[in-house]
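Quick mapping for you: the protein sequence lines, in order, are chains A and B.
Start counting the first sequence at 1; every next residue gets the next number (my numbering).
Start counting the second sequence at 1001; every next residue gets the next number (my numbering).
In short, the hints are calculated from the structure, not lab data.
Careful: at least some of the hints might be erroneous.
Result set (SDA-like, lysine to any residue): computed pairs, CA atoms no more than 25 Å apart in a straight line [stated by the list, open to error]:
1. B:Lys1157 with A:Lys222
2. B:Lys1129 with A:Lys195
3. B:Lys1129 with A:Gln170
4. A:Lys181 with B:His1081
5. A:Lys181 with B:Glu1094
6. A:Lys222 with A:Asp239
7. B:Lys1129 with A:Thr247
8. B:Lys1129 with B:Glu1094
9. B:Lys1157 with B:Val1236
10. A:Lys249 with B:Asp1091
11. B:Lys1129 with A:Glu101
12. B:Lys1129 with A:Gly86
13. A:Lys4 with A:Gln170
14. B:Lys1129 with A:Ala254
15. B:Lys1129 with A:Lys222
16. B:Lys1157 with B:Gly1227
17. B:Lys1129 with A:Lys4
18. B:Lys1238 with B:Asp1257
19. A:Lys249 with A:Leu235
20. A:Lys4 with A:Leu40
21. B:Lys1157 with A:Gly98
22. B:Lys1129 with A:Asp239
23. A:Lys181 with B:Leu1070
24. A:Lys249 with A:Pro234
25. B:Lys1129 with A:Gly70
26. B:Lys1129 with A:Lys181
27. A:Lys222 with A:Pro7
28. A:Lys181 with B:Thr1031
29. A:Lys195 with B:Gly1227
Given the structure is predicted, the values throughout are model-derived calculations rather than measurements.
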Amino acid sequence: MVNKEIPMQEAAAGVSSGCTLALGGMTLYRRPMEFVRALLNRFYSTGEPRDLTLLSFAAGLESDLLVGAGMVSRVRACYFGLEIFGLAPMFTYYANRGEIEIIEETEASLSLGLRAQIAGVGFMPSRGWLGTDLPALRPDVRTIIDPYSGEELIAFPAIRPDVAVIHAIQADVEGNADIGKNKSVDEELVLAADKVWLTVEQIIPELSRVNVIGPLVDGIVKAPGGALPSSCHPLYPMDGEIMLAYTEKVSDPASFDVFIQQWVG
Amino acid sequence: MMSQTEMPGSNYNPAEMLICTAARLMTDNTTAFIGTGIPMLAASLAQKMHAPNLVTVFEFGGTGAILEELPTCVGGEATFHRAVAASGICDIVETAQRGFIEYGFLGGAQIDPYGNLNSTVIGDYYHPKVRLPGSGGGNDVGSHCWQTIAIMRHDRKRFVEQLDFITTPGFLDGPGARETAGLPPGTGPYRVVTNLALMGYHPESKRMILLATQPGFTVEQVLDFTGFELLLADQVEKNPSPTDEELRILRMEVDRDRLYI
């Protein structure tokens, strides 16, 4: 048996500048918030990591904090916002000024891109994006003729995250884990990323149900409450008051700095 | 100027009218892709009124949930309550592309006469006035669901002749354009529900057509609040107000905490 338990600082130290970092969960659910906090702390004390490409299916608070801190050069997401709480203020601030690169995505381009990576092929064909303004923004996304039907399809390229960090409900020390029923694209991220770290509510000897298998996991970090203020069903709901406070108080770099100093450290 | 708040003398607010109008469009024994906000309340109301077997599909993976508790978001726990399946986004995207989802409820910041939607950016893409959150599942719903229903606030900034950006395909630039672009034949926009009116699309020209006004609003007011030439049905109907039963269920069961209404 391999014990893959590592301290949070070690996981945060493994993200290098310039890499593509995928954060598990979705908008306001089961986000690896404690990991994000550790990453912010490392950045504020060492200036690293920076120039990150953030891959988040539907980016929420976790991503907005990294954007606000100035760690992110590129965002790959099909949605960046805080759902019922409104726009993500720091993403909106920098995007309105053209100061952050956005790789425009939709659910199809992200999910099929991950599936292509998992299957070990260069692309997956789809009818997404046809007829819209999206292909013009992404010259790297090409079309392909279906050799059987002759139909022209969009060929969404494979997406290869360098590091994926997923928050799990339970895991054993080898990294076999249960992420619950609200799985987002976490099963796919685990299969697609070069390196996978789990933060986990509880480490137990043996699990009866597993949706992430140990051999794919490089390290696990014990982090009870580690998704807060996002939710972790069925253990705890999201902390709406923090979400609300964030959107009410933060609107630009100065107000962000005030907020983040209270949140990290 | 007309008020977009509560109508004098009425016992409901515009959000409640919008939810009831959307719920009435939901058919029993069909599958419907439910986006965040109003569609969730409408689906819950429809399940408790006339469509107990409405199969709700949420993009984060919940399929066939019974909406006893109102989900606050499309990945919320309630979207999996008594669901027949808890899959993930990749499965839902592929299932939609395969043609399994009949109705898709979506929104956007702008809509044009052909039902195309913008949820990406206001202004020039590279020099935006406002960057919006992005497609989310919008492009997927608009590309793959058989019939899409847009739910919007009705004003001239949102109902525009020309979108700043096409995120989600409607009928694109007119008859046959979806098919030419390679989208599945027979799919496309079906209805637009707003606080002022219910609209559909002309069967030949594919342009938006006014079908009914919401209670308290006239055809002239609807036209005045639309930034493009809206076609008129031969007989523009008047939508009935929410019934006492609809309001009771909406307030006592669907949204007890008044998160939305």
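| Does the structure keep lysine 1129 of chain B and glycine 70 of chain A at a Cα separation of 25 Å or less? | 22 Å, holds
| Is lysine 249 of chain A within 25 Å of proline 234 of chain A, Cα to Cα? | 29 Å, violated
| query | Taking 25 Å as the top limit, are the C-alpha atoms of lysine 1129 of chain B and threonine 247 of chain A close enough? | reply | 20 Å, holds
| query | When you check the alpha-carbon spacing of lysine 1129 of chain B and glutamate 1094 of chain B, does it fall within 25 Å? | reply | Not OK: lysine 1129 of chain B and glutamate 1094 of chain B at ~34 Å, beyond 25 Å, violated.
| Is the straight-line distance between the alpha-carbon of lysine 1129 of chain B and that of lysine 181 of chain A 25 Å or less? | 39 Å, violated
| said: Would the hint linking lysine 222 of chain A and aspartate 239 of chain A be met if the CA-CA limit is 25 Å? | reply: Answer holds: lysine 222 of chain A to aspartate 239 of chain A is near 21 Å, not above 25 Å.
| Would the pair lysine 1129 of chain B and lysine 222 of chain A pass a check requiring their Cα atoms to be no farther apart than 25 Å? | 43 Å, violated
| said: lysine 1157 of chain B and glycine 1227 of chain B were given as a pair; does the straight-line alpha-carbon distance stay at or below 25 Å? | reply: Given that 25 Å is the threshold and the Cα spacing comes to 7 Å, the pair holds.
| said: Does aspartate 1091 of chain B sit within 25 Å of lysine 249 of chain A, going by the straight-line distance between their CA atoms? | reply: 38 Å, violated
| Can the restraint linking lysine 1129 of chain B and glutamate 101 of chain A be considered satisfied, given a maximum Cα separation of 25 Å? | 16 Å, holds
| task | Assess, step by step, whether the Cα of lysine 181 of chain A is no farther than 25 Å from the Cα of glutamate 1094 of chain B, and give holds or violated. | result | 19 Å, holds
| request: Take a quick look at whether lysine 1129 of chain B and lysine 195 of chain A sit within 25 Å of each other, Cα to Cα. | output: 38 Å, violated
Of the numbered hints stated above, those contradicted by the structure are hints 1, 2, 3, 8, 10, 15, 17, 18, 19, 22, 24, 26 and 29, listed in ascending order.
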